[in-house]
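Line order of the protein sequences matches chains R and L. Per our numbering, the first sequence starts with residue 20, numbered consecutively. Per our numbering, the second sequence starts with residue 32, numbered consecutively.
The hints are simulated quantities; they were obtained by calculation from the structure and are not laboratory data. All C-beta atoms in this analysis are idealised placements derived from N, C-alpha and C, irrespective of residue type, glycine included. Please note: incorrect hints may appear among the correct ones.
[Unchecked claim] Short, incomplete list of chain L residues facing chain R, as computed with Cβ under 8 Å:
id: 1; residue: A43
id: 2; residue: L72
id: 3; residue: T127
id: 4; residue: G136
id: 5; residue: L138
id: 6; residue: G139
[As the list claims (entries may be wrong)] Stretch-level coverage of chain L by chain R, calculated; a stretch enters the list once three of its residues show a Cβ under 8 Å from a Cβ in chain R:
id: 7; region: 46 to 59
id: 8; region: 73 to 79
id: 9; region: 142 to 148
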Amino acid sequence: MSNPMFEIRRGSAGEVAMAGRLDATQCDAALKFLNETADLRVIDLASLEYIASAGLRVILLTQKRCKAAGAGVRLINVTPPIHDIFRYAGFDQILDITRAAG
Amino acid sequence: MTERHTAVPSDAAHLPALTEFLRNFWSETGLPTVEAVPFELALEEVFMNVVMHGSQGGRVPRVEVSVALVEGGVTLIVEDDGPPFDPLSLLAPNVTASLEERPIGGLGVFLVRQMMDSVRYQRRDARNQLQMTKQLAVGPSTSK
Numbered sequence: 020m021s022n023p024m025f026e027i028r029r030g031s032a033g034e035v036a037m038a039g040r041l042d043a044t045q046c047d048a049a050l051k052f053l054n055e056t057a058d059l060r061v062i063d064l065a066s067l068e069y070i071a072s073a074g075l076r077v078i079l080l081t082q083k084r085c086k087a088a089g090a091g092v093r094l095i096n097v098t099p100p101i102h103d104i105f106r107y108a109g110f111d112q113i114l115d116i117t118r119a120a121g
Numbered sequence: 032m033t034e035r036h037t038a039v040p041s042d043a044a045h046l047p048a049l050t051e052f053l054r055n056f057w058s059e060t061g062l063p064t065v066e067a068v069p070f071e072l073a074l075e076e077v078f079m080n081v082v083m084h085g086s087q088g089g090r091v092p093r094v095e096v097s098v099a100l101v102e103g104g105v106t107l108i109v110e111d112d113g114p115p116f117d118p119l120s121l122l123a124p125n126v127t128a129s130l131e132e133r134p135i136g137g138l139g140v141f142l143v144r145q146m147m148d149s150v151r152y153q154r155r156d157a158r159n160q161l162q163m164t165k166q167l168a169v170g171p172s173t174s175k
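Could you put the whole structure together from the sequences, leaning on the hints where they help?
Here's what the structure looks like:
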């Protein structure tokens, strides 16, 4: 079993894509990247394999910041294991979340 | 019974080693990858809790982790020799509050309790012990 690292980058359509594992060791870098992203609207989580409460904190802080500045952020292509965690945390009530197709 | 054990100082720098330990157990035992996430999350949350709250007077507790296949599921035991602390005594965060009122922290232990079938704390031999068990939807695929 591979041990994927975490990656965050800006895609061609302006979306931010996260891939790999957003654990407690990666959340500072992720939050910094998101804070420095202008006009953040969409985060693509298609390749995100893992998130824990430290990562949820990053998402929540980002949503609070974006909502205070206007529109909130949308999470797209959320896979079932990640969606379960969002649901347990009640994030489906405060974020626009679209599940991965299939 | 298949069982593995490891120990690390309670320092966040050791989180990747614990994750790798769990993933190795997963591949050794042929468990389906998709079932690993709740256990990886439980291990991270409980370990990070000890990292954040377990050090007193500069002493860094030692964290011992055991993972074992049990009938139809997996049991994860995390022990530390830090000061007495029952994470199950923490109040559940409000997960229905509006965005503005939503607290930033406190989700870790709550998520563990949601995702595991059982979570039990005991203070034993001057150690905190948290035992977590969850049944798996799909069993090991090693029966060839």
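| message | For the region 46 to 59 of chain L, count the residues whose Cβ lies under 8 Å from any Cβ of chain R; is that count three or more? | response | holds (count 8)
| Hint check: is the beta carbon of L:G136 less than 8 Å from a beta carbon of chain R? | holds (6 Å)
| request: Go check the region 142 to 148 of chain L versus chain R for me, would you? Three or more residues, Cβ under 8 Å, otherwise it fails. | output: holds (count 3)
| Does the interface hint hold: is L:L72 within less than 8 Å of chain R, judged Cβ to Cβ? | Given a least distance of 5 Å, the restraint on L:L72 holds.
| field | Satisfaction of the L:L138 interface hint, Cβ to chain R closer than 8 Å | value | holds (4 Å)
| field | Within 8 Å of chain R (C-beta), three or more residues of the region 73 to 79 of chain L | value | This one holds; 3 residues, not fewer than the three required, reach chain R with a Cβ under 8 Å.
| L:G139 as chain R interface residue, shortest Cβ-Cβ below 8 Å | holds (4 Å)
| said: L:A43 was flagged as interface toward chain R. Is the shortest Cβ-Cβ separation under 8 Å? | reply: OK, holds: L:A43 within 8 Å of chain R, min 6 Å.
| Minimum beta-carbon distance criterion (8 Å), L:T127 to chain R | holds (6 Å)
Checked against the numbered hints above, the structure breaks none of them.
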